[in-house]
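With chain Z's structure known, arrange chain C on it following the hints.
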Amino acid sequence: MPYNSTLVAPMRAELTRLGVKELTNAAEVDAALGDQRGSMLVFVNSVCGCAAGNARPALTLALQHSVLPQQVVTVFAGQDVEATARARQYFGEYQPSSPSMALLRDGEVVQFIHRHQIEGRSPQAIAADLTAAFDRFYAASV
Amino acid sequence: MTGHVFHPGHAPLHGITVVVETRNQRTYIGRFDTEDGGAVHILDVGVHDLTAGGQVSKDDYIKKCAKFGVPKQHKHLIVPTADITRITRLGDIE
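Top line first, the protein sequences correspond to chains Z and C.
The working numbering numbers the first residue of the first sequence as 72 and each following residue consecutively.
The working numbering numbers the first residue of the second sequence as 102 and each following residue consecutively.
Bear in mind the hints are in silico, worked out from the structure with no lab data behind them.
Do not rely on the hints blindly, as some may be mistaken.
[Claimed, not checked] Listed below are the simulated DMTMM-like cross-link pairs for lysine to aspartate or glutamate, each with C-alpha atoms no more than 25 angstroms apart in a straight line:
id: 1; chain 1: Z; residue 1: 92; chain 2: Z; residue 2: 200
id: 2; chain 1: C; residue 1: 173; chain 2: Z; residue 2: 179
id: 3; chain 1: C; residue 1: 165; chain 2: Z; residue 2: 200
id: 4; chain 1: C; residue 1: 176; chain 2: C; residue 2: 160
id: 5; chain 1: C; residue 1: 176; chain 2: Z; residue 2: 153
id: 6; chain 1: C; residue 1: 176; chain 2: C; residue 2: 145
id: 7; chain 1: C; residue 1: 165; chain 2: C; residue 2: 134
id: 8; chain 1: C; residue 1: 173; chain 2: Z; residue 2: 153
id: 9; chain 1: C; residue 1: 164; chain 2: Z; residue 2: 200
id: 10; chain 1: C; residue 1: 159; chain 2: Z; residue 2: 85
id: 11; chain 1: C; residue 1: 165; chain 2: Z; residue 2: 179
id: 12; chain 1: C; residue 1: 176; chain 2: Z; residue 2: 177
id: 13; chain 1: C; residue 1: 164; chain 2: Z; residue 2: 179
id: 14; chain 1: C; residue 1: 176; chain 2: Z; residue 2: 164
id: 15; chain 1: C; residue 1: 159; chain 2: Z; residue 2: 164
id: 16; chain 1: C; residue 1: 165; chain 2: Z; residue 2: 164
id: 17; chain 1: C; residue 1: 164; chain 2: Z; residue 2: 153
Only chain C is shown next, with the shape it has when bound in the complex:
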């Protein structure tokens, strides 16, 4: 991150499309909205679930989203902060 606040008055990542990796084998890609009450709210979300089987690898899913966009499966998801291992900008994925 550059320190630039995209939407003044909001969290630095507000409005940015992010990759949210978790310790429960699910990866969420969507627009970061807010962080409150120990959870992150993300909008227009695609999900990669390693437990679902039959999917592409997590890395391939992320790369495909970076190239072709995010297939939206959920309008709004709330992910507990304690489950999150990493948040990165999708725009930073080559």
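Pulled out of the complex, with its shape left as it was, chain Z reads as follows:
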């Protein structure tokens, strides 16, 4: 059952204030990810502690990097259930986890950061993984 929307609002705002676009239903997901071209990061948000203490701060740090994905979007697991399920259909054989981050290029997942690669790690360490992936996969496309 989704949490109270008032409680979740700050967790959404932590991303949207960075310019991350929220996708809240399947149609919005299809519009963003269907026939996706260029570079995109999909952040699967979550109410859990490792989203608050690790994943969202890591994304905040990573988005200060010189090389960035052209688009950054988010779905909220457990809150926007339809949107999250639809987004996961675009992740191929990567199993659902939240929080998590999918890096796409021209519709294909080029790197996936699972919850188990987030939990217990510092935001700085996770951000370093992200920025290394930005450099590796996106440097030529921006």
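Then chain C, alone, in the frame of chain Z:
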């Protein structure tokens, strides 16, 4: 392990995705919850069972979970501590 407690007030591994290897040829990968009464509780669990046949090797299963995530087969499993030979963090698997 670094000694960092991920969720203060809980066991050091609480909330961490772990690989639980046992002496009964089954390996469990899931989120460590608690240890009590001589058993470990793990959540959202995938299982590799050497006795089932036809599967990939244990090492390949663990590596696949590290790269692609854990295919969840059970919401909650209880594994007797006496059966456990090793617990490692999935995040430490290259």
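Can you give the numbers of the hints that this structure goes against, from lowest to highest? Of the numbered hints, 10, 12, 17 do not hold.
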